[in-house]
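Quick note, the sequences are listed as chains S and D, same order. Per the numbering used here, the very first residue in the first sequence carries number -1; after that it's consecutive. Per the numbering used here, the very first residue in the second sequence carries number -1; after that it's consecutive.
Hints are supplied without guarantee of correctness; some may be wrong.
Put simply, identical chains are the same to the list, so a pair is met inside one copy or across any two.
To be verified - Straight-line alpha carbon distances no greater than 30 Å define the calculated DSS-like cross-link-like pairs of lysine-lysine that follow:
id : residue 1 : residue 2
1  : K28       : K128
2  : K28       : K149
3  : K5        : K149
4  : K28       : K62
Calculated directly from the structure, the hints in this document are not laboratory data.
Protein chains: 2
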Amino acid sequence: MQSLQEKAAEWSGVATEDAFAIDQTNLFQKLGLQTFINLSTNFYTRVYDDEQEWFRSIFANSNKDEAIQNQYEFFVQRMGGPPLFSQRRGHPALIGRHRPFPVTHQAAERWLHHMQQALDTTTDIDDDSKIKMMNFFRHTAYFLVAGDELKNQNQQVPCKHAAGR
Amino acid sequence: MQSLQEKAAEWSGVATEDAFAIDQTNLFQKLGLQTFINLSTNFYTRVYDDEQEWFRSIFANSNKDEAIQNQYEFFVQRMGGPPLFSQRRGHPALIGRHRPFPVTHQAAERWLHHMQQALDTTTDIDDDSKIKMMNFFRHTAYFLVAGDELKNQNQQVPCKHAAGR
C-alpha cells in the first residue's frame, strides 16, 4: 500500500526532497513576519471572494481573520520562525485539523491556484522562496488529499453502501 | 465546543505553555542524536515486551525497528534537530498517522508509563529536559486521545448522510 507521502509525491508531482527544500533556508528570517501576514491575507481575500461557489463554501463556517492567523502562524513556525501556532493551538496535526473539509483533488488545485496568485502579488517574496514555498504547498495539498481519503476508508466500517465508492 | 488543544490540556493536566516549553531550549543540541535513539529503543523494548497484552497488541502489526526510527526522527525534528522525519515521511500529521490505533485514555496512560520508565533509565537525560519532555509527551498523548475521538464522531454519521457528502 502506498504511504501518504508516496501518494503526495505522485499526485502533486513534487518529490519529498523538493517539498522539504524549505528546510534548507530559513524563509522566516529571509522574508520576515509581515510578509507572511501579507501572504495569508492576500490568499484568504481571494478565497473568500472566489467566484466559484463550491470552493468558497468550504470556508463558509470559518472566520476569515482566524483563518488568516492560523495559516500565517503555521507557515512562520514551519519555515524557521517561532512556534506561534503550537503555542496557541498545539500540534499542527494537518490531517486531523482538515478533517471537517472535503479536501479533494479539485479543491487542492483551487487552493493552489489562489496561493500561486497570492505569492505572485505579495511584495518582497523573491523567486527562489516562491519556488520553494510553492513546492511545499503543492506537495502538502496532495498530502492532505491522501489524508482525506482515509475518511472514506473509515466509513466502510458502518456503511456497506459507502464501501463501493 | 472544546478544541483539541483545550481537551489535551484538561485531560492531561498540562497547560499548552508547559507542553511547548520544549521550544524554549534546543533539546536536540543539549542531548544529542544518540540519546534520542537510546530513548526510543528503550521505550519500544518496554512496549513490545509489555506484560499487558491489550497494549502490546496495539503494536503487533508494526515493525519494532521502524517504530523506533519513526519516533526518534520525530522527536529530533520537533526538539530542535534536523527535519529527519519530514525528509523521509513528510508531515508528522500526528492525528492522521495515529488513526489506525485505538488511542484511548487508558492507552495514553500506558504509553506514558513506559515513556516515564524509559526517560528514567536512559543515561544522559538531565532532570530539566526530562520534565520538559514528559510535559510535552503527556499533553501530546491526550491531544491524540482527543484526535481519536473524532473517528467516533465520523462513524456516527448515518449512511444516507454519508452517501450525500
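Since the copies are identical, ignore which copy is meant and state whether K5 and K149 lie within 30 Å (CA to CA) inside a copy, between copies, both or neither.
both (15 Å within a copy, 22 Å between copies)
Which holds for K28 with K62 at a C-alpha limit of 30 Å: within a copy, between copies, both or neither?
For K28 and K62, only the intra-copy Cα distance (26 Å) is at most 30 Å; the inter-copy one is 40 Å.
Up to 30 Å CA-CA - K149 versus K28, copy category
neither (38 Å within a copy, 40 Å between copies)
Check K28 against K128 for me: Cα-Cα at most 30 Å, and say if that holds within a copy, between copies, both or neither.
within (12 Å within a copy, 34 Å between copies)
When each numbered hint is compared with the structure, a violation occurs for hint 2 only.
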